[in-house]
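Asks: Heads up: the sequence lines are chains A and B, in that order.
Counting in my numbering, the first sequence runs from 1 upward without gaps.
Counting in my numbering, the second sequence runs from 229 upward without gaps.
Heads up, a few of these hints could be off.
List of simulated lysine-lysine pairs, DSSO-like, C-alpha gap at most 27 Å [what the hints assert, rightly or not]: (1) K231(B) to K269(B); (2) K176(A) to K239(B); (3) K248(B) to K284(B); (4) K239(B) to K269(B); (5) K176(A) to K226(A); (6) K248(B) to K176(A).
What the simulated footprint calls covered on chain B by chain A, stretch by stretch (three residues with Cβ under 8 Å from a Cβ of chain A suffice, anywhere in the stretch; the number is not a length) [what the hints assert, rightly or not]: (7) 237–247; (8) 272–282.
FYI, nobody ran anything at the bench for these hints, they're computed from the structure.
Here the structure is a predicted model, which is why all the values come from computation and not from measurement.
Yeah, the Cβ is synthetic: ideal placement off N, Cα and C, and Gly gets one too.
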Amino acid sequence: MRAAIVVFPGSNRDADIERALVRAGAQTVRVWHAEPELPAGVDLAVLPGGFSYGDYLRCGAIAGRAPAMEAVRRHAERGGLVLGVCNGFQILCESGLLPGVLMRNANLRFLCHRQHLRVERTDTAFASAYAKGQAIDVCIAHGEGNYFADPDTLARLEDEGRVAFRYCDADGSLTKDANVNGSINAIAGIYSQNLRVLGMMPHPENLVDGLVGGTDGLGLFESLAKAA
Amino acid sequence: MMKARVTVTLKTGVLDPQGKAIEGALGSLGIEGVASVRQGKVFDIELDAGDEASAKAALERACERLLANTVIENYRVELV
Numbered sequence: 001m002r003a004a005i006v007v008f009p010g011s012n013r014d015a016d017i018e019r020a021l022v023r024a025g026a027q028t029v030r031v032w033h034a035e036p037e038l039p040a041g042v043d044l045a046v047l048p049g050g051f052s053y054g055d056y057l058r059c060g061a062i063a064g065r066a067p068a069m070e071a072v073r074r075h076a077e078r079g080g081l082v083l084g085v086c087n088g089f090q091i092l093c094e095s096g097l098l099p100g101v102l103m104r105n106a107n108l109r110f111l112c113h114r115q116h117l118r119v120e121r122t123d124t125a126f127a128s129a130y131a132k133g134q135a136i137d138v139c140i141a142h143g144e145g146n147y148f149a150d151p152d153t154l155a156r157l158e159d160e161g162r163v164a165f166r167y168c169d170a171d172g173s174l175t176k177d178a179n180v181n182g183s184i185n186a187i188a189g190i191y192s193q194n195l196r197v198l199g200m201m202p203h204p205e206n207l208v209d210g211l212v213g214g215t216d217g218l219g220l221f222e223s224l225a226k227a228a
Numbered sequence: 229m230m231k232a233r234v235t236v237t238l239k240t241g242v243l244d245p246q247g248k249a250i251e252g253a254l255g256s257l258g259i260e261g262v263a264s265v266r267q268g269k270v271f272d273i274e275l276d277a278g279d280e281a282s283a284k285a286a287l288e289r290a291c292e293r294l295l296a297n298t299v300i301e302n303y304r305v306e307l308v
């Protein structure tokens with residue numbers, strides 16, 4: 001598995017996601033946002049978390065139009081794997097690689113805490129190490145993670161089984177309280193139609209080392225390492 | 229040089245927690261009669277364009293490609 005981590009001005013979780021990928025056995029390379037091409041032989045393009053361009057205009061809006069994003073788009077069109085976490089998810093939505101938009105959290109607060117996610121399907125390159133319906137314990141850290149899509153788009157996402165993760169409680173139940181940012185249908189992450197592009201607000205890369213309190217996030221990176 | 233104003237507003241029905249918070253703050257300031265607040269954005273743009281039609285066309289492209297997220301936002305272009 002060769003992974004290219006695209007770094008934008010204001011990305012700040014690139015080192016963490018690189019550490020998670022390396023721990024799972026991937027080779028990594030950093031790509032500056034102004035690069036018009038990804039390095040040859042890359043299996044996975046990664047858009048890390050952070051605050052690209054200071055969240056100016058809208059979160060991910062300016063990064064979504066960067067030259068490297070055109071390269072990521074071509075990579076995705078070739079069937080390449082793409083993972084966007086937090087600001088990376090916002091960038092994927094703004095670039096049109098994934099549908100919908102991330103709005104301000106319903107309670108207006110920046111949310112930074114441990115959070116359980118229900119794994120909706122495991123037959124993908126991102127989730128094969130998990131069990132269907134498993135509640136994984138990861139982290140969230142965002143002010144704009146409130147996923148929204150128009151009713152037609154939402155129906156299509158649900159019909160096609162493209163919801164990757166939903167916010168849940170420790171038992172895996174989808175309670176109102178567990179849907180911390182008010183996302184429609186408690187959506188925490190979605191796939192592209194071919195299941196090769198995943199955008200998610202929570203940070204699996206935060207929980208890959210027992211020393212920092214848990215390893216539930218590692219499965220995502222191990223799944224990826226196994227997939228390519 | 230032409231001057232334009234682009235106004236970006238949230239579509240009807242899209243939750244606007246910032247507008248709601250402002251609405252609440254106006255209430256606590258004792259400003260009466262405020263029924264609702266929706267927050268938007270204004271861009272004042274200067275541009276070189278041959279004529280009004282090409283200026284409007286360029287600004288439409290700017291809105292569609294960057295200034296507005298048409299999933300949740302409407303935009304209006306005015307030459308001023």
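Asks: Determine which of the earlier numbered hints do not hold for this structure and return their numbers in increasing order.
Replies: Numbers 3, 5, 8 - these are the hints that the structure violates, sorted from lowest upward.
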